[in-house]
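So the protein sequences, as listed, match chains A and B.
This note's numbering applies: residue 79 is where the first sequence begins, and numbers increase by one.
This note's numbering applies: residue 52 is where the second sequence begins, and numbers increase by one.
In short, the hints are calculated from the structure, not lab data.
Incorrect hints may appear among the rest.
To be verified - Straight-line C-alpha distance at most 20 angstroms; calculated EDC-like pairs for lysine to aspartate or glutamate:
| hint | chain 1 | residue 1 | chain 2 | residue 2 |
| --- | --- | --- | --- | --- |
| 1 | B | K193 | A | E149 |
| 2 | A | K309 | B | D267 |
| 3 | A | K307 | B | D295 |
| 4 | B | K182 | A | D103 |
| 5 | B | K200 | B | D267 |
| 6 | A | K102 | B | E187 |
Stated by the list, open to error - Take a look, some chain B residues computed to stay more than 10 angstroms from chain A by CB distance:
| hint | residue |
| --- | --- |
| 7 | Y150 |
| 8 | R212 |
| 9 | R264 |
Unchecked claim - Heads up, incomplete: computed chain A residues facing chain B, CB under 8 angstroms, no partners named:
| hint | residue |
| --- | --- |
| 10 | S222 |
| 11 | E298 |
| 12 | S299 |
| 13 | V300 |
| 14 | I310 |
Glycine included, C-beta positions come from ideal geometry on N, C-alpha and C.
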Amino acid sequence: MFLILLLALSFRVGRCLAVPYMDKDSVLYLSMANSLLENGLDTAFERNPRIPPLYIFAMAACKKYSGVSMETAGRIVSTVAGTFLVLAIFLMAKLIFQNNNYALIAAFLAATHPFLIIISEDIMRDSLFACLTAFSLLFALYGSEKKNYCLWLLSGLFCAAATMTRSEGVAILFIVPIWMIIEFIVNIKKIPSYKTFIFRSSFSFLVLIFTFTVCTIPVESVLADTSSKWKIFDGRAMGYVKSFLHISKK
Amino acid sequence: MFRNFFILESWQKMSNIYTGAFFYTLLVLLVFAAINWRNFKNNSPTRMLLTAFSFTFLLQIVIYFCVRYERRYLAFAIAIAIPLAVPGFIKLAEVISKYLKFITVKKAFLILALTAVIISAFKTLNPENGKVWLHEVSNDIKLFCPPGKKPVVLTYSPDERLAYYAGATYIRFTSGELIKGEVESIRYKYSGDKIIEIPTVKEREQLGLFTYRGIDDYAGYFIALDIPQGLENFNSNVKRFGTDNVFIVVPKSDNDFKNTFIKAGIKDLAFTLIKEYVYKRSKTTVVYTLYKVNYDKNELKSQNDDNVTGKR
Numbered sequence: 079m080f081l082i083l084l085l086a087l088s089f090r091v092g093r094c095l096a097v098p099y100m101d102k103d104s105v106l107y108l109s110m111a112n113s114l115l116e117n118g119l120d121t122a123f124e125r126n127p128r129i130p131p132l133y134i135f136a137m138a139a140c141k142k143y144s145g146v147s148m149e150t151a152g153r154i155v156s157t158v159a160g161t162f163l164v165l166a167i168f169l170m171a172k173l174i175f176q177n178n179n180y181a182l183i184a185a186f187l188a189a190t191h192p193f194l195i196i197i198s199e200d201i202m203r204d205s206l207f208a209c210l211t212a213f214s215l216l217f218a219l220y221g222s223e224k225k226n227y228c229l230w231l232l233s234g235l236f237c238a239a240a241t242m243t244r245s246e247g248v249a250i251l252f253i254v255p256i257w258m259i260i261e262f263i264v265n266i267k268k269i270p271s272y273k274t275f276i277f278r279s280s281f282s283f284l285v286l287i288f289t290f291t292v293c294t295i296p297v298e299s300v301l302a303d304t305s306s307k308w309k310i311f312d313g314r315a316m317g318y319v320k321s322f323l324h325i326s327k328k
Numbered sequence: 052m053f054r055n056f057f058i059l060e061s062w063q064k065m066s067n068i069y070t071g072a073f074f075y076t077l078l079v080l081l082v083f084a085a086i087n088w089r090n091f092k093n094n095s096p097t098r099m100l101l102t103a104f105s106f107t108f109l110l111q112i113v114i115y116f117c118v119r120y121e122r123r124y125l126a127f128a129i130a131i132a133i134p135l136a137v138p139g140f141i142k143l144a145e146v147i148s149k150y151l152k153f154i155t156v157k158k159a160f161l162i163l164a165l166t167a168v169i170i171s172a173f174k175t176l177n178p179e180n181g182k183v184w185l186h187e188v189s190n191d192i193k194l195f196c197p198p199g200k201k202p203v204v205l206t207y208s209p210d211e212r213l214a215y216y217a218g219a220t221y222i223r224f225t226s227g228e229l230i231k232g233e234v235e236s237i238r239y240k241y242s243g244d245k246i247i248e249i250p251t252v253k254e255r256e257q258l259g260l261f262t263y264r265g266i267d268d269y270a271g272y273f274i275a276l277d278i279p280q281g282l283e284n285f286n287s288n289v290k291r292f293g294t295d296n297v298f299i300v301v302p303k304s305d306n307d308f309k310n311t312f313i314k315a316g317i318k319d320l321a322f323t324l325i326k327e328y329v330y331k332r333s334k335t336t337v338v339y340t341l342y343k344v345n346y347d348k349n350e351l352k353s354q355n356d357d358n359v360t361g362k363r
């Protein structure tokens with residue numbers, strides 16, 4: 079597994095070295111991260127008030143503590159996240175197939191997938207988002223398998239971090255209950271006690287929600303007094319759903 | 052921005068995006084995984100993964116029809132599709148070993164792994180678009196800008212990277228052509244202390260409408276400055292943003308750009324050609340032209356004198 083992680087990191091670093099320019103939208107992130115370091119929180123998000131803050135914070139922290147340029151800091155965050163995504167996929171596959179070899183194949187495929195390598199080089203939020211969401215799902219799986227509520231805490235933490243990277247991170251809060259309902263239906267004849275099953279599932283989900291809320295609401299409150307207009311639940315989402323349901327027009 | 056659900060073209064574009072993002076290797080493996088579905092265990096983690104993949108996939112379809120879509124939104128969907136493709140990898144190795152009898156299953160695994168590495172290396176370490184102009188033009192801007200001064204880049208390209216690499220202030224002016232998104236993004240103008248909406252599309256389409264990037268409630272928009280605008284005021288406007296540190300960059304040839312002024316009867320231009328950059332690519336030719344705005348030497352001298360005496 080170490081060799082596969084090394085392969086993943088090599089591809090991603092190689093891509094960073096092969097591409098001397100960044101994406102068009104990366105200028106936005108760089109300017110916000112620079113503004114955060116130079117002027118503080120008050121004006122950092124004025125160029126895009128709705129953007130979730132975690133990636134900007136990560137870039138600024140990486141630059142502050144490593145001394146590299148902001149562009150390099152952005153690439154470091156994406157590359158490290160992209161490499162850890164391979165680890166998350168390995169652990170997920172190990173749970174699914176209960177076979178180390180299958181898990182290694184999954185890790186290898188993730189390490190060498192061209193698109194995952196390309197987004198790991200970009201100064202964009204997607205690599206970090208994919209990594210955090212994958213870990214959130216992974217800890218939810220572990221929490222369910224090992225019946226350990228602390229692991230659900232970790233799942234909530236990563237879900238919060240994913241939502242603070244891209245608003246779509248809240249999808250985990252929908253995926254988990256849907257999956258719990260499917261589990262109930264599939265195992266309806268095998269469950270010895272419905273009450274215990276429902277209690278355990280509900281409590282696990284409550285732990286997830288509680289951690290998510292505890293991690294995100296303070297951040298939203300702190301940012302409310304600044305140029306940021308970020309909300310945990312993106313208000314535009316309802317508009318998109320309505321448009322889609324009314325059969326969107328050009 | 053909003054695509055029609057019932058138009059075939061929308062679905063064709065979507066399938067192109069998805070195919071490009073998932074990539075052919077993963078799609079082939081997913082097909083073989085579907086054939087080899089018995090390799091999946093009927094367990095809770097598998098059901099969780101399938102739930103997560105289905106939900107994410109459907110969510111992305113909804114998002115595709117509602118916003119400006121980019122394939123990088125599929126990153127998470129691809130990540131959770133990968134474990135689903137593992138049985139496909141094994142099945143493909145078995146098929147190869149079955150039809151090429153001199154290759155054992157182990158060797159087939161190695162061949163597939165090596166193929167994956169070679170394809171990834173070719174695809175990712177050999178970038179398709181060598182946007183060399185981003186660095187060449189910006190390096191020349193830094194070269195021609197007087198030391199100690201921050202350059203100002205005036206351009207109608209919405210791509211801010213050039214100004215970023217030059218360490219320059221980015222100011223956008225309209226091109227007079229219907230560049231995609233330009234009409235939507237230049238909706239407002241400064242009017243004294245206020246910002247008001249530009250009433251007509253015609254006003255937004257004129258060449259030489261100088262704008263600043265909006266912030267806060269106007270983030271994502273470009274706001275036209277409260278100055279006499281348009282082609283007839285272009286020469287005077289370009290001098291407003293500095294002295295010997297102002298540059299114009301256009302994604303057009305020198306002849307084409309200057310012809311716009313000649314056709315309007317403007318012969319004397321307030322800028323001088325520095326260089327034209329021509330890049331031949333496989334299907335297109337990319338042209339950029341860099342100009343330096345002519346400055347009033349008295350204004351510059353006065354600025355320098357004020358700096359010495361500390362008046363500014």
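**OP:** Could you work out which earlier hints the structure fails to respect and list their numbers in ascending sequence?
**Re:** Hint check: 3, 5, 8, 9, 11, 12, 13, 14 fail, others pass.
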